[in-house]
Amino acid sequence: MRTQELTLIGFGAIGRAVHQRMLGHAGVRITHIVVSAGKVAALQNELGSGVTVTHQVPETTPLLLECAGHTALTAHVLPALRRGTECAVLSIGALSEPGLPEQLQAAAEQGGTQLHLLAGAMGGIDALSAARQAGLDSVTYIGRKPPAGWRGSPAEALVNLDALTEPTVILDATAREAARLYPKNANVAATLSLAGVGLDNTRVRLIADPGVTENIHEFEAKGAFGEMQLRLRGKPLPDNPKTSALTVLSAVRFLHNRTACLTT
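The numbers in the numbering used here rise by one with no breaks, and the one at position 107 of the sequence shown is 137.
Misleading hints may appear alongside valid ones.
To be verified - Taking lysine-lysine and the BS3-like style, the derived pairs with C-alpha atoms no more than 30 Å apart in a straight line are:
| no. | residue 1 | residue 2 |
| --- | --- | --- |
| 1 | Lys214 | Lys265 |
| 2 | Lys252 | Lys214 |
| 3 | Lys69 | Lys214 |
| 4 | Lys265 | Lys69 |
| 5 | Lys265 | Lys252 |
Stated by the list, open to error - The calculated label-pair distances, taken between Cβ atoms and stated as ranges, are:
| no. | residue 1 | residue 2 | range |
| --- | --- | --- | --- |
| 6 | His85 | Asp156 | 28 to 38 Å |
| 7 | Asn190 | Lys214 | 46 to 56 Å |
| 8 | Pro268 | Leu73 | 30 to 40 Å |
Keep in mind the hints are simulated off the structure, nothing from the lab. Computed from a predicted model, the values in this text were never measured in an experiment. Glycine included, each C-beta is placed from N, C-alpha and C at the ideal position.
Please model the complete structure; the sequences and the hints are all you need to start from.
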């Protein structure tokens, strides 16, 4: 199969990990990396001539992978979709913003292309989406992380994360509210809701737990298909405790399937 050329948006912990894992991949070649204008020169010097670092998405790129955060969807993904560029995004929590999912869909329709919402840190998304076809009654998600995983979030104003001695609920709300308040932590809830019963009908409970060292995701779904429960203990990225390592692997899987003769 032909080589898939790729533009990567963002080069934080996730972008760096994706880049590292795709080095030497026979089917995928990262040709461009998009970062803010002030970071272009330093990153280009770091990575050398094998890739072009820029602050704008090239109009000719055939495939775009976003791993930069919510603002990248409006700044880069929307215009790229309108131009006909196929896009995949990891910042699913951004779709809790009213009207943004519709804008993205309209942009993809205008460009005659597709937008892929990657599963990220959660498993079972394919089964949940399949179950939705027959009708779902309820979906409930519980996200449990060590206190360090909630630093830099609204949880710091609710509890003393350094002094917790027992599991503490920091949010019990809808998926829309969870994604709005905890955009860097609650992408999983947004992903589940979009595959299931929607942002306003998915219940979310977020917990800071000093007794765990991993990110733990759980969901339960009920509907015409029956019932399902899933519990996933995901290890965080070594240099970013807010992000599951499985998020990176989700992107790598998507890219591998772009060129593999057999996909799973």
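These are the hints, each one checked on the structure:
no. : hint                          : result
1   : Lys214 <-> Lys265             : holds (16 Å)
2   : Lys252 <-> Lys214             : holds (27 Å)
3   : Lys69 <-> Lys214              : holds (22 Å)
4   : Lys265 <-> Lys69              : holds (29 Å)
5   : Lys265 <-> Lys252             : holds (27 Å)
6   : His85 <-> Asp156: 28 to 38 Å  : holds (35 Å)
7   : Asn190 <-> Lys214: 46 to 56 Å : violated (20 Å)
8   : Pro268 <-> Leu73: 30 to 40 Å  : violated (20 Å)
Comparing the model with each earlier hint shows violations of hints 7, 8; every other hint is respected.
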